[in-house]
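Using the working numbering, the letters of the first sequence map in sequence onto residues 1 to 813.
Just to be clear, a hint being listed does not mean it is correct.
Claimed, not checked - Derived DEER-like restraints, expressed as beta-carbon distance ranges:
1. Lys226 to Ser488: 44 to 50 Å
2. Asn317 to Lys354: 21 to 27 Å
3. Lys106 to Glu751: 55 to 61 Å
4. Glu214 to Lys354: 36 to 42 Å
Said to hold, decoys possible - Lysine-lysine pairs mimicking DSBU-like chemistry, simulated, CA-CA at most 35 Å apart:
5. Lys303 to Lys320
6. Lys443 to Lys487
7. Lys142 to Lys226
8. Lys660 to Lys34
9. Lys151 to Lys303
10. Lys752 to Lys790
11. Lys319 to Lys410
12. Lys737 to Lys106
13. Lys585 to Lys186
14. Lys142 to Lys463
15. Lys98 to Lys518
Honestly, the hints are just simulated from the structure, not real lab data. Treat the numbers as computed from the prediction; the structure is a model and nothing was measured. Even glycine gets a Cβ: it sits at the ideal position worked out from N, Cα and C.
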Amino acid sequence: MEKVYPFDKIEAKWQKYWRDKKLFEANTADYKNKFYCLMMFPYPSAALHVGHGRNYIIGDVVARYKKMKGFNVLTPMGWDAFGLPAENAAIKDNIHPKTSTTNNIKTMKRQLNSWGVCYDWSREITSCFPDYYKWTQWIFLKLFEKGLAYKKKAYVNWCPSCNTVLANEQVIDGRCERCDTQVSQKDLEQWFFKITEYAERLIKDLDKLKHWPERVKIMQTNWIGKSHGVNIHFPIEGSNRSLTCFTTRIDTIFGATYMVLAAEHPEVPNLIKDVKNRDEIIKFVEAVRNESKIKRAAVDVEKKGIFSGRYVINPVNNKKIPLWIANYVLMEYGTGAVMAVPAHDQRDFEFAKKYSLPIDVVIDDPKFPLDAEIMKSAYVKDGKMINSDQFNGMNNREAMQGISEFMEKKGIGKRCVQFKLRDWLISRQRYWGAPIPVIYCDKCGIVGVSEKDLPVLLPENAKFKPHGESPLKSSEKFVETKCPKCKSKARREIDTMDTFVDSSWYFLRFISPYASDKPFNKRDVDNWLPVDQYIGGVEHAILHLLYSRFITKVLYDLKLISFDEPFEDLFTQGMIIKDGAKMSKSKGNVVSPDDLIKRYGADTVRLYTLFIGPPERDAEWSDRGVDGAYRFLSRVWRLVERAGKERNKKKVPDNILGLKRKMHQTIKKVTDDIEKGFHFNTAISAIMELVNETYSVGNDEKIHEAVKTVVLLLSPFVPHIAEELWEKLGNKPSILKQNWPLYDESLIEEEKITIPVQVNGRLRSKVLVRADIVEDDLKSEILSDEKVKKWTEGKNISKWIVVPKKLVNILLR
RNA sequence: GCGCGGGUGGCGGAACUGGUAUACGCGCUAGCUUGAGGAGCUAGUUCCGAGAGGAUUGCGAGUUCGAAUCUCGCCCCGCGCACCA
Numbered sequence: 001m002e003k004v005y006p007f008d009k010i011e012a013k014w015q016k017y018w019r020d021k022k023l024f025e026a027n028t029a030d031y032k033n034k035f036y037c038l039m040m041f042p043y044p045s046a047a048l049h050v051g052h053g054r055n056y057i058i059g060d061v062v063a064r065y066k067k068m069k070g071f072n073v074l075t076p077m078g079w080d081a082f083g084l085p086a087e088n089a090a091i092k093d094n095i096h097p098k099t100s101t102t103n104n105i106k107t108m109k110r111q112l113n114s115w116g117v118c119y120d121w122s123r124e125i126t127s128c129f130p131d132y133y134k135w136t137q138w139i140f141l142k143l144f145e146k147g148l149a150y151k152k153k154a155y156v157n158w159c160p161s162c163n164t165v166l167a168n169e170q171v172i173d174g175r176c177e178r179c180d181t182q183v184s185q186k187d188l189e190q191w192f193f194k195i196t197e198y199a200e201r202l203i204k205d206l207d208k209l210k211h212w213p214e215r216v217k218i219m220q221t222n223w224i225g226k227s228h229g230v231n232i233h234f235p236i237e238g239s240n241r242s243l244t245c246f247t248t249r250i251d252t253i254f255g256a257t258y259m260v261l262a263a264e265h266p267e268v269p270n271l272i273k274d275v276k277n278r279d280e281i282i283k284f285v286e287a288v289r290n291e292s293k294i295k296r297a298a299v300d301v302e303k304k305g306i307f308s309g310r311y312v313i314n315p316v317n318n319k320k321i322p323l324w325i326a327n328y329v330l331m332e333y334g335t336g337a338v339m340a341v342p343a344h345d346q347r348d349f350e351f352a353k354k355y356s357l358p359i360d361v362v363i364d365d366p367k368f369p370l371d372a373e374i375m376k377s378a379y380v381k382d383g384k385m386i387n388s389d390q391f392n393g394m395n396n397r398e399a400m401q402g403i404s405e406f407m408e409k410k411g412i413g414k415r416c417v418q419f420k421l422r423d424w425l426i427s428r429q430r431y432w433g434a435p436i437p438v439i440y441c442d443k444c445g446i447v448g449v450s451e452k453d454l455p456v457l458l459p460e461n462a463k464f465k466p467h468g469e470s471p472l473k474s475s476e477k478f479v480e481t482k483c484p485k486c487k488s489k490a491r492r493e494i495d496t497m498d499t500f501v502d503s504s505w506y507f508l509r510f511i512s513p514y515a516s517d518k519p520f521n522k523r524d525v526d527n528w529l530p531v532d533q534y535i536g537g538v539e540h541a542i543l544h545l546l547y548s549r550f551i552t553k554v555l556y557d558l559k560l561i562s563f564d565e566p567f568e569d570l571f572t573q574g575m576i577i578k579d580g581a582k583m584s585k586s587k588g589n590v591v592s593p594d595d596l597i598k599r600y601g602a603d604t605v606r607l608y609t610l611f612i613g614p615p616e617r618d619a620e621w622s623d624r625g626v627d628g629a630y631r632f633l634s635r636v637w638r639l640v641e642r643a644g645k646e647r648n649k650k651k652v653p654d655n656i657l658g659l660k661r662k663m664h665q666t667i668k669k670v671t672d673d674i675e676k677g678f679h680f681n682t683a684i685s686a687i688m689e690l691v692n693e694t695y696s697v698g699n700d701e702k703i704h705e706a707v708k709t710v711v712l713l714l715s716p717f718v719p720h721i722a723e724e725l726w727e728k729l730g731n732k733p734s735i736l737k738q739n740w741p742l743y744d745e746s747l748i749e750e751e752k753i754t755i756p757v758q759v760n761g762r763l764r765s766k767v768l769v770r771a772d773i774v775e776d777d778l779k780s781e782i783l784s785d786e787k788v789k790k791w792t793e794g795k796n797i798s799k800w801i802v803v804p805k806k807l808v809n810i811l812l813r
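Put together the whole structure using the sequences plus the hints.
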């Protein structure tokens, strides 16, 4: 590609200019007209590829556009700098995580700047620096004081490769989110955040997030997994105790023909104490428990069970039903006990068939009466209640209410709500994270570190190699301490926090990055938050975005902030694909921005990235497409260069009005495209059309206005060349300080319009008419059109369909 | 299995509340220009057809004067959840 314009010099020049003039440093004291534009801060890995760039470029367009619209824009950036990759590199190459992280930050910062994306670097934060994690620890202590951070022994996800536990959200298809290793279960004592206490609000408040993508809200809703149902108490035969099970289908209670317990159910040992085949049952229970979670969760896994030898009583009809123990009941959900209704639940149906358990139909198909003998699968649809005493004949949906009330009155059941969400496991047996600020004292128990002693510094000299216990254990100086309460000898917690804790509040720190006596200044935070526009990848739909919402609500409840949702508007961009796969080093399909910027300049890379397709969708990277973007910018460059140089060569004055109209149409289109949903690809194509039209009009000085508009409209997308051209056109920099162009609605209207004419629904002709033509004139105009004549001559017109300014359809008999 | 997206030329993709399907860009073809061009300019480019014309938005039906868009049934691709009682 020929170098048409000196992009390298221009880009360096303007990047320096923006920096020197501090054009992106926001004064937080001035919050009128504030616009907080935030892109998810990155983990500092080795180097960015063009796929990463999409996020930053999109955000930069928004920031620059809002600036031209007169907003006081805040665009901070920082580093989510704790985490496993740095630690793994340390183990492998013996480089301290601090060193590699610092180096990576340097590289990435250089890359971000080379894209021309503008951040207020005066607010840069790095989550692995003590002045940041001090406040992560402080927030932990706030939760600890409130009882929202607690330690418990539980079956937890264990990644044998990372040698640490993981939160449920970090297990994808039974594998570790980071290293893809199969996760196993371990019974360990760990730290949790009580996110379940916020389950209801986390679901309910999704309604407040009007501008979030529906998809993300649905994902969060499903993850939290709220369902309404009834807890029913089934008396155990031969005992004065009962077993409680949860159901969402109380309408099927009369069809419960057996009950099933999870193998892990705590009552199991008690129940089978005196049963003859006790040993056999214990063997079964052990076998189920030893199966990995992934294996048990697989769809095609065979349902297996064993009769416990005991019976329970169905409290609505006093029927004695057998109690089973099976592999398909989860201990973690509900009560770990389910009433089995084989006629109306597919899982129970399969199980009942296998073990020849009775099947009682209690909801009948209104079309074909059901017969338990010949059913091939459970009937799960709605229908009419049968075999259900006083509820017979009712519609099953209606009966749910009645049965619930009946059970509550009798004291045999109670309506309740269940969630799938579990508490957030936040402790990690790794080095490169914020130490959990807790001390173990033999006398006082678990004691939080005093605020004045924060931060609990991460020791520099620990042995990284993980053995399943935190590397911090290797630093005696770290472990040995005194109890803050009784001053006697005590030990520090050696686990560190999940890095998602670090990132669950960073958007607050950006407001007061230098505050040394508090995590943030409340007044400023209240003025600047929620974030007006948050931009990042969907992969955080339930991880970071859920955790941040949770922490925000906790801080709100503690009256530390006055808002309870952190992100007003969220945009999730799609991935960039190359050769059919997500860009990754291991696949060898990464496209480096550095090479491209050297060859074409940053503006070209930006333009192509934005033009590639709708930003919320995945897009395939094409090296050829980059050429096109570069060619367009060269074309714009030439357009400005020649403007005024060689005049009147090809003067077509008639078109000037048309150009003016096109210009106003383009301003409208580009403005709408940016405002109403990030349609940058179509915004750019509209500008391309305007450029094409400007070229075709010729080189009269009258095109100047159009040229100027092109440059202004392009500036959020390709800021360097826009600044340069703006200056070339005789204006003072910076273009960022210009007002976004306005359009005149009256100039957009066309004088003459082309009306497509259909005959019997088929396009036959097009006629050019005045836009304000009355219908009768339009009809006669159309009938005199040669092509229309050809199709209508000698035929009867039965009907005219006239859509004003759009189309005419003539129906023939 | 459930939920959410999506399926439009050789390719990336346009098409507002049903109203000219294929904007814009890539690629390709021809011409001009050039010492040469992976440069620029001009024209063309959904398919079939010389043309008139016909066909066409994953497939099949329906509603309508008119459907990429609405309704019903089906197929394929991507993502999320997944024995959640």
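Verification of the hints:
| no. | hint | verdict |
| --- | --- | --- |
| 1 | Lys226 to Ser488: 44 to 50 Å | holds (46 Å) |
| 2 | Asn317 to Lys354: 21 to 27 Å | holds (25 Å) |
| 3 | Lys106 to Glu751: 55 to 61 Å | holds (59 Å) |
| 4 | Glu214 to Lys354: 36 to 42 Å | holds (41 Å) |
| 5 | Lys303 to Lys320 | holds (23 Å) |
| 6 | Lys443 to Lys487 | holds (10 Å) |
| 7 | Lys142 to Lys226 | holds (27 Å) |
| 8 | Lys660 to Lys34 | holds (34 Å) |
| 9 | Lys151 to Lys303 | holds (34 Å) |
| 10 | Lys752 to Lys790 | holds (24 Å) |
| 11 | Lys319 to Lys410 | holds (17 Å) |
| 12 | Lys737 to Lys106 | holds (30 Å) |
| 13 | Lys585 to Lys186 | holds (32 Å) |
| 14 | Lys142 to Lys463 | holds (30 Å) |
| 15 | Lys98 to Lys518 | holds (25 Å) |
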